[in-house]
Amino acid sequence: MTTPNKDWPLWEIFVRSAHGLAHKHVGSLHAADADMALMNARDTYTRRAEGVSIWVVRSSDIVASDPANKGALFEPAHDKIYRHPTFFELPDAVKNM
Amino acid sequence: MYSQMVDTGVSKVRNTADMDDAERAFQARIDALEKIEPNDFMPQSYRQTLIRQISQHAHSEIVGMLPEGNWITRAPSLKRKAILVAKVQDEAGHGLYLYCAAETLGAERGRLTADMLSGKAKYSSIFNYPTLTWADVGAIGWLVDGAAIMNQIPLCRCSYGPYARAMIRVCKEESFHQRQGFDLMLALCRGTPEQKAMAQDALNRWWWPVVMMFGPPDDKSVHSAQSKAWRIKLFSNDELRQKFIDQTVPQAELLGLTIPDEHLKLNPDTGHYETGPIDWDELFRVIAGNGPCNRERLQARREAHDEGAWVREAAIAHARKKAARNQPHQEAAQ
Chain Z
1 MTTPNKDWPL WEIFVRSAHG LAHKHVGSLH AADADMALMN ARDTYTRRAE
51 GVSIWVVRSS DIVASDPANK GALFEPAHDK IYRHPTFFEL PDAVKNM
Chain L
1 MYSQMVDTGV SKVRNTADMD DAERAFQARI DALEKIEPND FMPQSYRQTL
51 IRQISQHAHS EIVGMLPEGN WITRAPSLKR KAILVAKVQD EAGHGLYLYC
101 AAETLGAERG RLTADMLSGK AKYSSIFNYP TLTWADVGAI GWLVDGAAIM
151 NQIPLCRCSY GPYARAMIRV CKEESFHQRQ GFDLMLALCR GTPEQKAMAQ
201 DALNRWWWPV VMMFGPPDDK SVHSAQSKAW RIKLFSNDEL RQKFIDQTVP
251 QAELLGLTIP DEHLKLNPDT GHYETGPIDW DELFRVIAGN GPCNRERLQA
301 RREAHDEGAW VREAAIAHAR KKAARNQPHQ EAAQ
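Protein chains in written order, with this note's numbering: chain Z, 1 to 97; chain L, 1 to 334.
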């Protein structure tokens, strides 16, 4: 409980704008606890009504993919072009599909 | 600029022959205008230079609150006071966006602050000048923020993702800063002769420091070439300075103010304004710590840091106590 570190932990901030979009990462900040992180996020990231909802997550709780493994991780998506509708040629007679 | 003479740690631009494979691949990504993200490979010198540049930029935003904060309690109307409070709060926000960008490079916030307070890390020379009258608040918004925008708009396209994204946020807000400054100057220039004289006096004192704020001339700017190769500087000091002067001189004419440079003239062939000689010794003097307010600014930051220490400690103690109290509930839930 009495760690020598007096610095406030880092929090990642996600804001949802009023237009029904998903929460989006906007940056990070330091705060002693979650309540303070919310208040600081309001002052830092929504001074011009950029959002209607804020999520704060401790940076240390985020698990990220390793950029070095980018190739292996995302490669399976590259050779499945049939997943895109434009892969299929439609007869001209079909106007809309 | 908000970051001046940032040391790149190299004496000449690294060419491909000096680089190993990883560095060559890194430079190729930059040349292809790809964004570098926090966990990507980057040469140590790129990382360190960016930490210096971004933190210097952040310190400038924070110290930059002091000259304007000086006038909050003496703003001439409630409207002007509310605008100035909002503007100064924005500067705090800009500092925070930038510190967070520096932290994505592995820099520790406490370390960055300590380096600024000890004088090891620099902030922009411009904030070492005093705000003697209300017109200075207008001059800062119009000229200093106007100059900052010149530099920050290209930085929205810089190679480091978190820095570029922070700049996009900053630029959106900076435009309000410049306009409120110009609006303030306009009000003074349309006011009494005394008010107009006050505006002219502010322009007289701020013009040259703002012109110098872009940094030394290109032939004396030793680190610019490497920073350009890394795309963390997109235009040279002289290019940005010229752009600023070309844009600002007509605005001064519109205000009915005179730029304090008897040699200033428009070159009809190039379409650019040419200035008289610039006293670079003054810039180097201010950067070395001997401007009019260097000591006062650092003293104010140190006092704020020291006097806020108990608040930071109390907040973390409170957070830990609360976390400890909630511990049994969490275990029960599992």
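Do not rely on the hints blindly, as some may be mistaken.
Straight-line alpha carbon distances no greater than 20 angstroms define the calculated SDA-like cross-link-like pairs of lysine to any residue that follow [claimed, not checked]: (1) K172/L x H25/Z; (2) K172/L x A18/Z; (3) K321/L x M36/Z.
Everything labelled a hint here was simulated from the structure, so no lab data went into it.
Going through the numbered hints above, which ones does this structure break? Give me the numbers in ascending order. none
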